[in-house]
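Asker: If you want the building blocks of each chain, they are given just below.
2 protein chains.
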Amino acid sequence: MNIPSKILENAVSEISRLPGIGKSTALRLALHLVKSNSSDIKDLVKSIESLHNNLKSCNICYNLSDSDICDICKSNLRDDSLICVVEDIRDIMAIENTSQFNGLYHVLNGKISPIEGIGPSELTIQELIDRIKNKKIKEIIFALSATMEGDTTSYYIYKKISNLNIKFSTIARGVSIGDNLEYTDEITLARSILKRVPYEQFSKD
Amino acid sequence: MNIPSKILENAVSEISRLPGIGKSTALRLALHLVKSNSSDIKDLVKSIESLHNNLKSCNICYNLSDSDICDICKSNLRDDSLICVVEDIRDIMAIENTSQFNGLYHVLNGKISPIEGIGPSELTIQELIDRIKNKKIKEIIFALSATMEGDTTSYYIYKKISNLNIKFSTIARGVSIGDNLEYTDEITLARSILKRVPYEQFSKD
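Protein chains in written order, with the working numbering: chain A, 1 to 205; chain B, 1 to 205.
Treat the hints as calculated values from the structure; they're not laboratory data.
No experiment lies behind these values; they were computed from the predicted model shown.
All residues carry an ideal CB built from backbone N, CA and C; glycine is no exception.
Check each hint, because a few of them may be wrong.
Computed far set for chain B versus chain A, every beta-carbon distance over 12 Å [to be verified]:
hint, residue
1, I15
2, L33
3, K42
4, N76
5, E127
6, E139
7, L164
8, L194
Result set (EDC-like, lysine to aspartate or glutamate): computed pairs, CA atoms no more than 16 Å apart in a straight line [unchecked claim]:
hint, chain 1, residue 1, chain 2, residue 2
9, B, K46, A, D185
10, A, K35, B, E122
11, B, K35, A, E87
Computed beta-carbon distance windows for the label pairs [to be verified]:
hint, chain 1, residue 1, chain 2, residue 2, range
12, A, A146, B, R173, 17 to 25 Å
13, B, D151, A, N2, 52 to 60 Å
14, B, D151, A, D40, 29 to 37 Å
15, A, K74, B, D68, 21 to 29 Å
16, B, D151, A, P19, 52 to 60 Å
17, A, D40, B, G174, 37 to 45 Å
18, A, R196, B, D43, 49 to 57 Å
The shape of chain A in the complex, shown without the other chains (with noise of 0.2 Å):
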């Protein structure tokens, strides 16, 4: 592309280097961006600063914060003997807006993958275990992918903390709501007839 002037050039390629954004976007954006008044690019740039001089992590749950404790830990209206463990804050933001669960969270910020490079020790794991050993926790939900990567690292944790008395679970699988059978992948159908559920219980709710 030919682009007429170098600071429309620099912009383009800084743009373009955020996920899912092609130079094409980029330069619309751009464009934009060079058409704006000067107080939406002000107000832009300084929520852009803003997201990273001061946003926190929460320091019991890693979930994003304006404060150092979110505003899930910090609620006396939640049932504190419950985590859902997830990996990303994102999975708390698709939880929540369910409005089914009303217990706390605790974000890996990943998964057990080797093939990337990440082991237990990037993960918040050690930090789940000391938060689950001085607080009374009744059980914890696994909330995680439904890939190799998940199951292991679901297992690994399990593992670490079975000997404690806790209740250990995790989200349903199988075909998703709404779903005609003709259109649903193999696997998760092999597997939904596998775990086929007791039609007394299916139906109770």
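Chain B: place on chain A using the hints.
Answerer: Just chain B now, with coordinates in the frame of chain A:
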């Protein structure tokens, strides 16, 4: 969406004001920025601020430029008796990419559009006329959108300066190269038949 932090929420709302960026993409970008290192953030912020503070509009053709006169207007390798009239700086980039035009440009910064409240005085039409009167120009090439607004704009400019001894032309319209006729829209096809070109002239190219 349940965003766990005011700072993050503010960044998401600022980023999602950019064109073509929805809330989900904005959240993805914001979370990426949270994890980016300080120098990357600084580079991004600097390049955005620079777009607004340092980027100039060429005093002659209104192309974007790092200095008062853009590289195209400055160049003495270009034919300064040809002016290609375009709506937007993106059109200059597109035409420059073809490497088929060696003249100068004039950016109107839009097209006449009564519906959007854009009249001739909002565009750089008077500046184009002044430019033509002050310099020896042989040909004006209209490279505007093939729409009602584009046609109105070129006709308005033509009427204003048709008394000058200048050749006027407009870029060719017809079936796109590589297109199958069955997929070409009716209006383009109808116009292509009406405005057919003598074969001898066509096969010369």
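Asker: Evaluate each hint against the coordinates.
Answerer: Quick rundown of the hints versus the structure:
1. I15: For B:I15, whose nearest Cβ neighbour in chain A is about 7 Å away, the distance does not exceed 12 Å, so it is violated.
2. L33: About 5 Å separates B:L33 from the closest Cβ of chain A, which leaves it inside 12 Å; violated.
3. K42: violated (9 Å)
4. N76: holds (17 Å)
5. E127: Label holds. Min Cβ-Cβ 18 Å, cutoff 12 Å.
6. E139: holds (22 Å)
7. L164: The assertion about B:L164 holds, with a minimum of 28 Å to chain A.
8. L194: B:L194 is indeed farther than 12 Å from all Cβ atoms of chain A, at 34 Å.
9. B:K46 - A:D185: violated (47 Å)
10. A:K35 - B:E122: Satisfied, since the Cα-Cα distance of roughly 15 Å is no more than 16 Å.
11. B:K35 - A:E87: Holds - the C-alpha atoms of A:E87 and B:K35 are around 15 Å apart, at most 16 Å.
12. A:A146 - B:R173: 17 to 25 Å: Violated: the Cβ-Cβ distance is about 54 Å, outside 17 to 25 Å.
13. B:D151 - A:N2: 52 to 60 Å: violated (27 Å)
14. B:D151 - A:D40: 29 to 37 Å: holds (33 Å)
15. A:K74 - B:D68: 21 to 29 Å: violated (56 Å)
16. B:D151 - A:P19: 52 to 60 Å: About 41 Å separates the Cβ atoms of B:D151 and A:P19, which means 52 to 60 Å is violated.
17. A:D40 - B:G174: 37 to 45 Å: holds (41 Å)
18. A:R196 - B:D43: 49 to 57 Å: holds (54 Å)
In summary, the structure is inconsistent with hints 1, 2, 3, 9, 12, 13, 15 and 16 from the numbered list given earlier, while agreeing with the others.
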